[in-house]
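Protein chains in written order, with the numbering used here: chain Y, 8 to 239; chain X, 160 to 382; chain S, 12 to 240.
Hints listed in this document are in silico derivations from the structure and should not be mistaken for laboratory results.
Among these hints, one or two may not hold up.
What the hints assert, rightly or not - In silico lysine to aspartate or glutamate, DMTMM-like type, Cα no more than 25 Å apart, as pairs:
# : chain 1 : residue 1 : chain 2 : residue 2
1 : S       : Lys84     : S       : Glu230
2 : S       : Lys84     : X       : Glu205
3 : S       : Lys84     : X       : Glu381
4 : S       : Lys83     : S       : Asp150
5 : S       : Lys83     : X       : Glu381
6 : S       : Lys115    : S       : Glu223
7 : Y       : Lys220    : Y       : Glu237
8 : X       : Lys235    : S       : Glu230
9 : S       : Lys83     : Y       : Glu64
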Amino acid sequence: MIEVHALAKYFGRFSALRDLHLTVREGEFIALFGRNGAGKTTLLRILAGLSRPSSGEVRIGTPHNLTPRAARGAMGYLSHNTALYADLTALENLRFFARLMDVHARDADLIERIARVGLSGRESEPVRNYSRGMQQRLAIARAFLHDPSILLLDEPFTGLDQHGTHFLKGYLTDSHARGKTCVMAIHDAPLGYELADRLVVIEKGVAALDVRKSDVTLEQFMDRYKAVAEER
Amino acid sequence: MLAMIWAIFRKDLLIELRTKDSLNAMLFFGIVVLVIFNFALESIRESIRAAVPGVLWVAFAFSGTLGLNRMFAAEKENSCLQGLLMLPVDRGVIYLGKMLAATVFMLVTEAVIFIFSLVFFNLTVWNEIPYLVLVFFIGTLGFTTVGALLSAISVNTKMREVLLPLILFPVILPVLVNAVEATNIILNTVDYRTLKLPLTIMSVFTIIFGTISYLLFEYVLED
Amino acid sequence: MDQKPQSRFDTALGVILFLVMIGALYMAFLGAPREKTMGDLQRIFYFHAPSGIVGLLAFALNFVGSVMYLIKKDRQWDNLALASAEIGVMFLTILLVTGPIWAKPVWLVWWTWSPRLTSSLILWMLYIAYLLVRNYVPDPDRRAMMSAVFGIVAFVDAPIVWFSIRWWRDIHPSPMLETGGLSPAMRPAFYTCWAAFMVLFLYLVRRRFYLESARNDVELLARQVDIAR
Numbered sequence: 008m009i010e011v012h013a014l015a016k017y018f019g020r021f022s023a024l025r026d027l028h029l030t031v032r033e034g035e036f037i038a039l040f041g042r043n044g045a046g047k048t049t050l051l052r053i054l055a056g057l058s059r060p061s062s063g064e065v066r067i068g069t070p071h072n073l074t075p076r077a078a079r080g081a082m083g084y085l086s087h088n089t090a091l092y093a094d095l096t097a098l099e100n101l102r103f104f105a106r107l108m109d110v111h112a113r114d115a116d117l118i119e120r121i122a123r124v125g126l127s128g129r130e131s132e133p134v135r136n137y138s139r140g141m142q143q144r145l146a147i148a149r150a151f152l153h154d155p156s157i158l159l160l161d162e163p164f165t166g167l168d169q170h171g172t173h174f175l176k177g178y179l180t181d182s183h184a185r186g187k188t189c190v191m192a193i194h195d196a197p198l199g200y201e202l203a204d205r206l207v208v209i210e211k212g213v214a215a216l217d218v219r220k221s222d223v224t225l226e227q228f229m230d231r232y233k234a235v236a237e238e239r
Numbered sequence: 160m161l162a163m164i165w166a167i168f169r170k171d172l173l174i175e176l177r178t179k180d181s182l183n184a185m186l187f188f189g190i191v192v193l194v195i196f197n198f199a200l201e202s203i204r205e206s207i208r209a210a211v212p213g214v215l216w217v218a219f220a221f222s223g224t225l226g227l228n229r230m231f232a233a234e235k236e237n238s239c240l241q242g243l244l245m246l247p248v249d250r251g252v253i254y255l256g257k258m259l260a261a262t263v264f265m266l267v268t269e270a271v272i273f274i275f276s277l278v279f280f281n282l283t284v285w286n287e288i289p290y291l292v293l294v295f296f297i298g299t300l301g302f303t304t305v306g307a308l309l310s311a312i313s314v315n316t317k318m319r320e321v322l323l324p325l326i327l328f329p330v331i332l333p334v335l336v337n338a339v340e341a342t343n344i345i346l347n348t349v350d351y352r353t354l355k356l357p358l359t360i361m362s363v364f365t366i367i368f369g370t371i372s373y374l375l376f377e378y379v380l381e382d
Numbered sequence: 012m013d014q015k016p017q018s019r020f021d022t023a024l025g026v027i028l029f030l031v032m033i034g035a036l037y038m039a040f041l042g043a044p045r046e047k048t049m050g051d052l053q054r055i056f057y058f059h060a061p062s063g064i065v066g067l068l069a070f071a072l073n074f075v076g077s078v079m080y081l082i083k084k085d086r087q088w089d090n091l092a093l094a095s096a097e098i099g100v101m102f103l104t105i106l107l108v109t110g111p112i113w114a115k116p117v118w119l120v121w122w123t124w125s126p127r128l129t130s131s132l133i134l135w136m137l138y139i140a141y142l143l144v145r146n147y148v149p150d151p152d153r154r155a156m157m158s159a160v161f162g163i164v165a166f167v168d169a170p171i172v173w174f175s176i177r178w179w180r181d182i183h184p185s186p187m188l189e190t191g192g193l194s195p196a197m198r199p200a201f202y203t204c205w206a207a208f209m210v211l212f213l214y215l216v217r218r219r220f221y222l223e224s225a226r227n228d229v230e231l232l233a234r235q236v237d238i239a240r
């Protein structure tokens, strides 16, 4: 589904990614670990088409390569940036994105989606009035409005309260069960372990560890993760 | 595609109507420029009518630059640009939507600034209005076609708002020269046959830079 | 990485530059006849006109570099664009400085807003703007992209500027010295100086280009050191 070949991204003298290889099969759920600045966000941004690689190749879609535009339509990207217009209401935000994502949804459908992320009755309020956690919930609804087949998640649990975390976990588990492909950067190892079926550690811009969840217990994984982090 | 352009255009308009952030600033600044020119041109008070076209377009260009600066600065809040960039639409569509919205803001501002200038410089116009509307429209479109592209470039720099006028004014000089000339023909020389040349140059400029900007926009749009 | 800082070609070019410059100085100050009305002052023309021509050529080269960068995404093209823009601005500065020196005694003013002068000034400003864009984008890849787009805009804009100003400011006399109107006795000096400036331009662009390539190499090495740590 996603093929990353010899990917590198430099910012002047600093290299965020170097020679990174990764193949994500359809329906796989990958959790990306690694300390701050290891290159997780850069990888996700390049996958999402938000950032251009310095060298290397990224192929999205099987069996045929999707055009960048079609790839964008197949992907949903959720980060700690909400990408919501603060001066528009929740409903107006969703209406705007639905139209541009070519999702034919009536207002009732959109209101229903807003209710599903736990914001029922607040769809006509400007997003500016929302708390950080509420905005993040709405961001979930926004990012996956078009029911994408690839979900890119960059620390998506940031700022969510218990209810929001619960909802997002449920949503991700459900999407995974429906055969969606997920790539998620996360620092909370137990949570990542729980959701994913493949665990990848990125250190200094390369995939330093890549294991299937079925092959390791959480404790074993943590030990190997620590070993990789210390070795470098 | 038109529906997509319309959606982006409408979104910008809706936000602006709600907050009036850009419009207020643009209007006020435009009027401030008029007042300043009033003092600067004190010595030629008797023949001030000859200076009005230039004064008007300086006011339009300055206030328009404020608007163009806000165009992408607003998208940076909450990283909205990220959301736009992820949309399955051509980036040129984003360009057209936002450029048209900026054009409308500028035209609204220009109308108000123009009314103020009538009062400040003691002018009367009536039959000239359709011609003026045409010149303002084409001139503004020329300004925003390339302005939207350069605004997207300048938000990528360290200097952001400061850089835009520096790189924009040399580029839009042909539009300014011809817009001033056309306005001067309407207000002062009243030889409408000569209006064709400046209008043609401005239209050519708009078409050329509209095409270039549409094609190059995807390179400068980065979050 | 395989470009040597000073290839044999550059050494040869340096020698040629030295010789042709001496020739140009000789021709401009001694070889060319004294102009009847303007006197020795007219000799500034031999440096004034070629710097304008070379400046235009530099901006054309900047356009080529900008377009090629957008197509190939290869930083060498960006280096070419940068080198030619900087050197072009330098030559245009020479043009804009020598112009008024010559104009003051002849036209009795330092500056007139004639089409040619105004267009040259705007052209100079466009490429100063180009260098400003470069200056304020810290990330090299992004800088290359932004400046390539602006380089294209600037180059397309230049002829429109020229025509708009020319059509509206036709009242002013065009500069008295046109190359076509140059008396045959003065032509050898003019062509020698032109050739000298072309070689100078080529030499400087190559130097600047290598400097920037070396900078890229340093960036690459620094990256490798950073990784090894």
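Now the hints, each set against the structure:
1. Lys84(S) - Glu230(S): 17 Å, holds
2. Lys84(S) - Glu205(X): 58 Å, violated
3. Lys84(S) - Glu381(X): With Cα atoms ~16 Å apart, Lys84(S) and Glu381(X) stay inside 25 Å; holds.
4. Lys83(S) - Asp150(S): Holds: Lys83(S) and Asp150(S) sit about 18 Å apart, inside 25 Å.
5. Lys83(S) - Glu381(X): With a Cα-Cα distance of about 18 Å, the restraint between Lys83(S) and Glu381(X) holds, given a limit of 25 Å.
6. Lys115(S) - Glu223(S): Not satisfied, since the Cα-Cα distance of roughly 39 Å exceeds 25 Å.
7. Lys220(Y) - Glu237(Y): With Cα atoms ~22 Å apart, Lys220(Y) and Glu237(Y) stay inside 25 Å; holds.
8. Lys235(X) - Glu230(S): The hint is violated at about 29 Å.
9. Lys83(S) - Glu64(Y): Distance of about 15 Å is within 25 Å: holds.
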